[in-house]
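Novice: Protein chains in written order, with the numbering used here: chain G, 113 to 471; chain F, 13 to 163.
Keep in mind the hints are simulated off the structure, nothing from the lab.
Keep in mind that a hint or two might mislead.
Said to hold, decoys possible - Below, in silico cross-link-like pairs of lysine-lysine (DSSO-like), each with a Cα-Cα straight-line distance of 27 Å or less: (1) F:K108 x G:K389; (2) F:K108 x F:K23; (3) G:K389 x F:K89; (4) G:K133 x F:K23; (5) F:K108 x G:K131; (6) G:K133 x F:K108; (7) G:K116 x G:K133.
Keep in mind the model is a prediction, meaning the values are calculated, not measured.
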Amino acid sequence: MAKKITVVISQGQSQNPAKRKLEEDLVGALLMEAGVEVTLVPNLYDLAPDGTGMLCLEGISGDMVVVSWHFPRAAHWTLDRHGIRGRVGTTLLVSDDEDNEEDDEENVEEDSQDEADDKDRVIEQREVPARTIYCLDFRACDTAEPLVEEIRRIAAETATETVDLMSWIDGSPKPEQLDRYLNPNGGNGNGHTEKTPVATPAQPNIIDEKAERRWYPVIDFSRCTNCMECIDFCLFGVYGVDTSEVILVEQPDNCRKGCPACSRVCPENAILFPQHKTPAIAGSEEVAGPLKIDLSQLFGAPGKDAVEAAVSERDEQLMLAGREAVGESVGIAKRRTGAVDQPKDELDDLMDELDAIDL
Amino acid sequence: MSDALVFMMGKFEARFPTDRQYAKNHMWAAESGGVTRFGFSAYAVRLLQDVYFLDWTLDPPAELAERQLIGAIESSKAESDLFAPIAGRLTGFNAKLLSDPSAINVDLYGDGWLFTMEGDGDGLLSPEEYMEHLKAAWKLAERTIKGQMNE
């Protein structure tokens, strides 16, 4: 029997008919694919931690493809935050805003291990389940065909990974999972296992969760070094540490809507806000260096570097919450002093040149 | 609908009810049950056309400065940031628009309201003043939207 792969389709928030059509076309096309099981959820990032959407995704044990309107990194680590973990699958589709040839960097996990730097990434100390999660970005395609092609390729790739298949079989799937596996076209977990005619198109598994808009940071643990700058910087109690002293987004809903300040102070660009409109903050692979630079300075906006922007965003949120602004007095001293000791890189040189120009 | 002033956007009649005030950033303001509701004027909606997606970048209640960034909108014709029409206290958003923003197109002066604010409305314009504001701004706008109006 051929192994099935689950494709999770995360619906966008926009009612844009072109976007809706792309989602519908993909679902329609995938239902005709033999080795594919389709699950439709509301916008992945908005799913409640204990809602039916996340519970359903937790129930998927094998390899998984997730197609969303987020950058692949953002989708992967949003799932990770909810305990839905796996290796980062390498996709050949590249998102908008990432048009550079960056295939080598797609597999962040391997990359960070191969990197010459000696920083310890949190992911190296973690156990990752022996399955792969492939995250695809709807924005990489105008039509469903390239997505379908890529999912076929992934399905073939995972089907040949017999080690994975064996580990799945060796595991102990829940009865309803086994049922779904044995009876993919109609199984609903109630022990119904009669043979369904092959020609009948499958039905998608539709999760009807009323997903309210959410706003919280997502940590990319393939980049995070557990340096604790974020927990020092955020004054709203979003961050905490787990039992092994590893940083954690402990209270996501304490986060201040629209505020991406902690992402700007993260030295490793490990903190994502998937809904932020700046690609580097939303999880684009394309990131220049330790600090994100806002080029609007060049185009005449009042000058602010990333730390200054973060400090003023935080002050704004503190005042909105009826608290007092703290400026640079809290949570950033480490950064400012530490930065001086590091040798200058090309980016620093560029910045020096920019500073020299009277903008 | 109550009496309305008309502004011609090309061949399109944009109507502005006289029972409310207007902000220079093309929103209307009207008292409703003790609070002031704000929504897009017909001028803004005509430029946007079908609204697909509305997002707010803060949670109410919030003290806002005039022209502070408060959200973003996607429509068939535009993607734009949205800004506070006046300084004051933002007290609530029209939650229904988040899942389905089509009321902005269907009933822009009613169910399509965007948010409620408390604050000093001295900077708001009367319908007549808003007409003058539109006339002054129209020449520039016309050039940028010409293609869209002719579709």
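Novice: Tell me, in ascending order, the numbers of any earlier hints that this structure violates.
Specialist: Violated hints (numbers, rising): 2 and 4; every other hint is consistent with the structure.
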